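Asker: Next come the chains, spelled out residue by residue.
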Amino acid sequence: MRTTSAPRTDRKPTSSHVDAPGLAKRDLLCEVEAVSVRYPIRRGFFQRIVGHVGAVESATLELRRGETLALVGESGCGKSTLGRAILQLEPVAEGRIRLLPRGGDTPGASRRALARIAQVVFQDPLGSLDPRWTVGDLIAEGIDVQRLARGAERDARVRELLAQVELPADSFHKYPHQLSGGQQQRVAIARALATKPELIVLDEATSALDVSVQAQILNLLRDLQAEHGLTYLFISHDLAVVGQFADRVAVMYLGRIMEMGAVADVLAEPGHPYTRALLGSALRVDPEARIETIPVLTGDVPSPRNPPSGCRFRNRCPVAMPGCAALPYGMTGSLHDHQVAACLAGNSA
Amino acid sequence: MPLQPSLDAASARSALLAVENVAVTYSNRSGSHEVCSDVTLSVGRGEALAVIGESGSGKSVTVLAVTGLLGAGGTITQGSIRFDGEDITRLDDRERRRRGLRGRRIGMIFQNPSRALDPVFTIGQQLNEALRQTDRFSQPELRRKGTDWLRHVGLPDPEEALDRYPHQLSGGQRQRVMIAIALASEPDLLIADEPTTALDVTIQAQVLGLIRRLQRELGLALVIVTHDFGVVAAMADRVAVMYAGQVVETGTVDEIIRAPRHPYTRALMASLPTGIPGTRVTALPGSVPSARSMPSGCRFHPRCPVAVPACSVTRPVLDSLSESRAMRCLLEEAPAS
Chain W
1 MRTTSAPRTD RKPTSSHVDA PGLAKRDLLC EVEAVSVRYP IRRGFFQRIV GHVGAVESAT
61 LELRRGETLA LVGESGCGKS TLGRAILQLE PVAEGRIRLL PRGGDTPGAS RRALARIAQV
121 VFQDPLGSLD PRWTVGDLIA EGIDVQRLAR GAERDARVRE LLAQVELPAD SFHKYPHQLS
181 GGQQQRVAIA RALATKPELI VLDEATSALD VSVQAQILNL LRDLQAEHGL TYLFISHDLA
241 VVGQFADRVA VMYLGRIMEM GAVADVLAEP GHPYTRALLG SALRVDPEAR IETIPVLTGD
301 VPSPRNPPSG CRFRNRCPVA MPGCAALPYG MTGSLHDHQV AACLAGNSA
Chain A
1 MPLQPSLDAA SARSALLAVE NVAVTYSNRS GSHEVCSDVT LSVGRGEALA VIGESGSGKS
61 VTVLAVTGLL GAGGTITQGS IRFDGEDITR LDDRERRRRG LRGRRIGMIF QNPSRALDPV
121 FTIGQQLNEA LRQTDRFSQP ELRRKGTDWL RHVGLPDPEE ALDRYPHQLS GGQRQRVMIA
181 IALASEPDLL IADEPTTALD VTIQAQVLGL IRRLQRELGL ALVIVTHDFG VVAAMADRVA
241 VMYAGQVVET GTVDEIIRAP RHPYTRALMA SLPTGIPGTR VTALPGSVPS ARSMPSGCRF
301 HPRCPVAVPA CSVTRPVLDS LSESRAMRCL LEEAPAS
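Quick mapping for you: the protein sequence lines, in order, are chains W and A.
Residue numbers for the first sequence follow the working numbering, beginning at 1 and rising by one.
Residue numbers for the second sequence follow the working numbering, beginning at 1 and rising by one.
To be clear, the hints were calculated from the coordinates, so they are not data collected in a lab.
Any given hint could turn out to be false.
[Said to hold, decoys possible] One side of the interface only, derived from the structure: several residues of chain W facing chain A at Cβ under 7 Å:
#1 Gly243
#2 Ser281
#3 Ile294
#4 Gly310
This one's a predicted model, so the numbers in the text were calculated from it and none came from an experiment.
For every residue, glycine included, the Cβ atom is placed at its ideal position computed from N, Cα and C.
With the sequences and hints as input, model every part of the structure.
Answerer: Quick look at the structure:
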């Protein structure tokens with residue numbers, strides 16, 4: 001890894017058509033370069049666009065084949081939007097997202113081609129499974145749409161998928177409401193696996209589950225990753241789960257990546273005041289960690305419509321100073337190591 | 001009403017709320033299901049009790065039974081609920097309101113603040129309703145008191161917020177408004193059902209800190225219903241662990257978290273993510289049974305790692321182990337470890 005990372009740091013975003021050294025190209029599954037996603041604000045009778053909300057602002061990251069990259073942050077930080085942009089479910093206003101699948105061809109604009117490479121599992125399994133379809137048909141939808149198999153071959157593939165997600169074979173003819181929440185999430189995972197993708201975006205995929213069931217699903221996801229060489233983009237707000245499940249983590253706040261690096265580095269030695277605040281606010285299962293000992297952030301969460309100038313965390317930051325209002329955004333450190341957003345208080349990374 | 005919530009030894013010891021052997025049944029055309037069986041809990045003034053359990057454990061139904069909000073088809077079929085010495089098990093809505101059990105003496109905070117606030121009234125109007133329960137106030141007094149409460153809960157521009165409607169506030173702000181409303185009537189007992197589950201961690205710390213501070217200052221009895229052991233560790237003095245409609249273990253927060261004894265509590269604690277990179281989580285197989293198909297004997301035995309044949313036959317009872325500790329397990333005599 002280290003030998004390949006050196007030349008890549010010097011590459012400019014515009015030179016992405018030039019082939020990177022062979023090794024790097026094989027290791028990377030997805031490149032996100034200075035991507036911004038903006039939602040229009042509409043007003044009035046004719047729903048005229050009066051402005052834009054920057055849901056994601058110049059995010060740069062890369063997904064390495066076989067790894068789990070976690071996107072963490074509070075609601076409205078843009079973590080789900082970034083995941084949706086990678087799945088081409090949101091148009092990208094600026095920057096580019098490039099997928100580098102095993103076959104070599106980057107998919108074009110077609111969602112159908114993309115579905116062979118990238119799939120998604122959402123938080124609410126019942127909301128993402130059509131109640132009128134049987135489990136078998138739900139799992140086979142991708143196979144049918146992509147014309148991967150027909151007839152007996154298709155059914156055999158569905159049964160194989162049921163076994164992979166550890167669901168009983170008789171689930172085939174059941175309807176989603178007849179299953180428990182954990183089983184429904186297993187169906188959603190089987191559906192995602194059906195097209196043999198390389199990337200699965202897990203958007204709060206275990207957040208709605210009870211802890212005992214969450215543990216089952218996390219273990220299943222880990223087994224599937226080892227077996228199929230899957231890459232996960234794990235979108236979550238739960239730092240304890242992220243610490244255990246992910247390899248690397250990107251911390252987002254109000255549309256911007258504030259810190260990124262190996263999970264052990266970022267969680268053990270957070271470099272940005274926001275990461276420190278997020279970790280400090282998390283409750284621990286320890287009778288000594290009484291609520292009185294948890295530091296509280298002052299200031300309200302700003303609206304993404306009207307984010308603070310300069311560093312976006314400055315109005316809640318415990319170490320903010322006047323200069324923060326004019327601080328330009330940028331990541332310091334190497335993309336392949338531990339990166340921290342520019343901060344006047346000094347980064348400890 | 002006592003003039004001040006002074007805690008003499010006797011009143012601290014006697015529970016403000018005592019739920020004893022309560023069973024709740026929901027019936028509809030397809031039959032009736034017992035969703036809570038034999039729930040026993042108590043909480044004293046100034047004390048915080050956490051009720052923890054996974055979905056389907058009956059924790060929310062228990063607090064709905066206490067507040068008389070079981071809804072259509074739900075009845076308390078067994079046991080008693082005593083509040084401040086009075087039996088409130090089977091009071092109707094009118095009687096509950098007359099005795100001030102809706103808001104004035106028992107305050108409630110729910111998980112979803114947007115459903116608990118009325119969208120057509122301003123925050124101030126809804127706060128006034130709670131304030132008027134404590135005394136007769138003039139309009140300027142109401143405004144001043146309302147502003148104070150919103151300031152207490154850390155709302156920015158409290159005076160201005162009084163004239164706003166719920167939809168003009170963020171989720172965290174609405175939750176804090178609901179806490180202000182629940183506390184403004186100065187209740188003796190505050191019931192918070194998953195009060196911070198929908199909130200971000202930084203806001204959660206703020207809201208829980210506030211509940212705890214006000215609970216201490218006002219000497220409230222607090223019942224906090226949660227599925228999050230982090231919330232338990234941060235907030236509770238005592239803990240009741242529920243599974244499949246029953247309390248399976250109670251103890252002080254130290255006892256439950258440092259030395260869980262019931263196999264379910266132990267398995268639940270083990271399935272928590274440890275945050276240690278690359279390790280597997282010890283998963284508890286299966287899921288909580290539904291009220292329609294409750295296992296025989298001990299309700300946890302099909303998932304229990306240490307179950308013996310007797311567990312599928314004999315129903316364990318909640319046995320007192322010490323002053324603070326009780327447990328529902330046949331194996332308690334010889335704990336396996």
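Asker: May I ask which of the numbered hints given earlier this structure violates, with the numbers listed in increasing order?
Answerer: 4
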